[in-house]
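S.K.: Work out the full structure, taking the sequences as your base and the hints as a guide.
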Amino acid sequence: MELLAQQMANGIVLGSIYGLLAICLVLIFGVLDIPQFALGAMAMLGGYVVFLLGPIVGYWVSLLAAMVAIGALGAVVQRLVFAPLRKAADVTVFVAAFGLVLIFQGLALVIFGPDPRQVPPSISGSLVIGGVHIAYHRLVIVGVVLAVFLALQWVLRSTRAGRVIRAVGQSTTGAQVVGIPTGRVAFAVMILGSALAGLAGGLLAPISQAMPLAGDSLTINAFIVIILAGMGSIGGALVAAYIVGLVESLGATYLSQDFSQLYSILLMLIVLLVKPSGLFGKKVSRV
Amino acid sequence: MSDLPPARNGLASGWGPGRIASLAVLLAAILAPVVLGSGYQLDLLSLVLINAMFLFALDLAYGQAGLAAVGHGAFLGIGTYVVGILAVKAGWPFWAAMPIAILVCAAAGLLMGLITLRLAGHYFVIASLALAIAVGLVVSAWQDLTGGALGLGLVPRPAGVGPVSFEAPSAFYWLLLAATLLVMLVCWSLRRSNVGTRLRSIRENPRLASALGVNIVLTRLLVLVISAALAGFAGAFQSTYLGFITPSVLASNVGFYALMALIIGGQRSFVGAVIGAAFFVLVPVLLQFSSALSPVFFGLALVVVILLAPDGVWGRLRALGRWVATRTRAARGGSSARLEPGQERSLP
Amino acid sequence: MRHPAPRGRARAAALLGAVAVLAALVGCSTTGSTSKAGTGPLELHLGVIDSITGSAAQYGQDFERGAKMAIDELNNAKDAKVKIVPSFCNSGGDPAQAVTCGKQLQSRDKVTAVVASTSMEAVPLLTFNTSAALGKFVVVGISQAAGLTSSNNPLVVRYLANAPSYLPAMTKLLDKTSKEQSLGIRKVGIMEWNTEAGQALATNFQKNWEALGSAYTVSSAVYQDGTTDFSPQLTSLLAKDPDLIVISQGPASAAIIKQATDLGYKGRYYVPVAQSPTQLATQIPVEDFIGSVFETSQASLDTPRSTKWRDAFKSKYKLDANANNSAGYGSVELIAHAAIAAASVDAEKIRAEMPKVLTIDAPWNIGGYHSLAPSGDVKVEYGLTLVKSADDFELIQP
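Protein chains in written order, with my numbering: chain A, 2 to 288; chain B, 190 to 537; chain C, 134 to 531.
Source of the hints: derived by calculation from the structure; they are not laboratory data. Think of the CB as a built atom: it goes at the ideal place given N, C-alpha and C, for glycine as much as any other residue. Warning: the hint list may mix true and false statements.
[Said to hold, decoys possible] Quick partial rundown of chain C residues pointing at chain B, CB under 7 Å, derived from the structure:
#1 220
#2 223
#3 232
#4 237
#5 241
#6 256
#7 260
#8 311
#9 327
#10 329
M.R.: Have a look at this one:
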């Protein structure tokens, strides 16, 4: 029972991190249609920002700095790579994003070396309830991700900016017709999504440590999450992320560990076979 | 480029300059061991050939059938492992193991098609990638059969046929060249067959094709199975080329790099695939000098090439050729010589 | 362009252009070299294949530092008897790339010996390192797995690591220490890194530990390369209440220890040779791993020879030396001294001299690996370092 509770807790934390990255993907992949495969690598860079600045300005300020820095990086990438490729085929953009992964990981390796770098947590120590241990920092992650989700949900539902983003997500051409400057919206959404990736990396760094390949498994899982959820909504993505996190941690306990990554993939395939548009997806994409 | 009639694709019909150039390349490829000796350059060319075979196969799925099969590397890896396992664990000769690799990959392709072909766009891409990752996980976990992360070796070279031995690097290279030409021939005949015609109509207008009675899913499934089988064929050769196999041949990167190579070279053309294979093999070698920075340079090269030539190096070269042709015609007072808008970037 | 250029001709020109580019690419990488020894020092062409990028980058970079140090020392020595001409090639941790590297070194650089940082680089070379037509070369590799030396290749040496060789003695030493100092280690949980090195350590540790008696139990939890959150695996291990958690991936030690501590584990860890206690103490507080045991190679001992070498390493790189540094250093030195003894750069002669020069007292043999068997296996013996308190690291030698 204790084991089950502990693994549920692990799964929710794991799911929160996947969820934050999946939310970035809902914005960038779902709204802008850019298969930004380098988000995990950008999150990894966010971890290094926290590693560098954390000891000087404290964890929370460095986390903010990671968002700003990675958001700025997103702007650069959008201007130099994705905007010029907006008419190219999906797979071409995929490949360009993969090139970015190589660049970011390679630079991190050259600058910081292959050794993992320690990042102290926001709050050290663990909460113990009935034999279940949860590090305070993990609780912080769960809380921050939920807060980000609620804030985004409010922005998308209740503000003009949110309506504009949703319009672009539904149809770029339609949005253009009604006079929305889609290029500028794309730019803003890319910055927002990238900043959130920086946030995810900064939150994860105390657990994973800052290291060049830290973002690899995140990226794949985030893509699995949004396909499982069905592209459309950030709420759906978050729920699917919790499911993937739980499946991964419970599968590792009660089934074979050799395949812990496989369970979420199988789940995704089964869902797609039954419902090709994903768990929460509808025919028309919707934010 | 999607609008070129079949006769203009790859092997040109008639004795035009295209065919002469193709023959010149073929002749150069045949004579390479004589010119280069049996050294390292020949080895790199052998690797280019193995990759080219795989890219021809991938081009059927991606270029012809429009399936962005990011996970296609799995078939190359499965073919590699089937031959490796049969050779190392059961002592099978290459020539017996290779057909099994083809069959296993065809079956895997069928399975993958049944699972993924109903999915559209992004969903297909990620499902294909996820399946490839799943194959990699199973292979590295199934230690008794595959050796797991410890690897599997050593896979011998193919046994000689009659008086011909394939031990010498040049002989092995010629064997690879023959295999590559065979794959090319299969792809070419497929493109010229009525399957090719159906694929073209699907690419151009899926709804119209469907209305005209083309079964889109069945056609794509057929092409996917053939493509997977050919990838398994290439994998069989990769197995004996490498000699030692680890799960890295099934890494999800393999499919990415291959698709990347194809897009960089130029899809729906044999020359493009060969350019892509060469880029993929030779650029990392050329970047060795930069040691730890080489992935950065490779990534940069990739992004820059994609930005400059979103339809591939070969597509760009052809566009350049057309541009030169129209300009000269215009200079001579030719009539309707301008490129249609968007023609340069016509991608499906 | 004055003449009309029909499409076909433009295509032909483009095609020829592509071929020219291809040819130029291949041609660029051509450099001839010969390796005939003149009257001066022996000119030894040495290849170094290591993974300085990718997931095994830490191993490769550590190895390369040691190898470079040996090369510099050998080449700068007064009246040097051997001149090393090194060629480096990065495998990125990919065996397929290692094959390309090996063939490049073999046919372009005419190497007579290659050192390789992991089995991902070493094992693929065995398909062609004995070919007389292409050029024979000795392979000195680091490999935890048995595959490197089980294929009867006459030109291979397995230097560091070698889990099947050292773990029988190591598990006994651990048990002896546990009894003498009442550490009470019986139930062991292994965090198995799903790679060649991790699997070899895990399976050999389990086999030898369980052989000690029925009270000696092992459970293991596997994780994929690249995992960052080990909580699911650690939680399953902790449910079995282990006395010792065996870490099979040195570079991940800090993360695993931190996450296990967060989960309430207060027991001991077993850390592989790639991670020394002083190195780990720079990453996490010593308090987190008090009571833990570390595999310790002779290169980390406080003998005059090892201390001198570690000081030299530190002054060269501003880093504390670890076992992989010493392996890179030692494997290059082994080749060089065998070549000097053979007075030849012939691969077979070098390999034949190796058992004679690899003695435990050789001044360059800082790792203390010795007794090179005909199969190519070097005898590896490690001691244990027991972290008793923040400033008391007790060394226990076999």
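S.K.: Decide, hint by hint, whether the structure agrees.
M.R.: Evaluation of the provided hints:
1. 220: With a closest approach of 9 Å, the residue 220/C hint is violated.
2. 223: 6 Å, holds
3. 232: 6 Å, holds
4. 237: OK, holds: residue 237/C within 7 Å of chain B, min 5 Å.
5. 241: 5 Å, holds
6. 256: 5 Å, holds
7. 260: Holds, because the Cβ-Cβ distance from residue 260/C to chain B comes to roughly 3 Å (cut-off 7 Å).
8. 311: Result: violated, 29 Å to nearest chain B Cβ.
9. 327: 6 Å, holds
10. 329: 5 Å, holds
Violated hints, listed in ascending order, are 1 and 8; each of the other numbered hints is respected by the structure.
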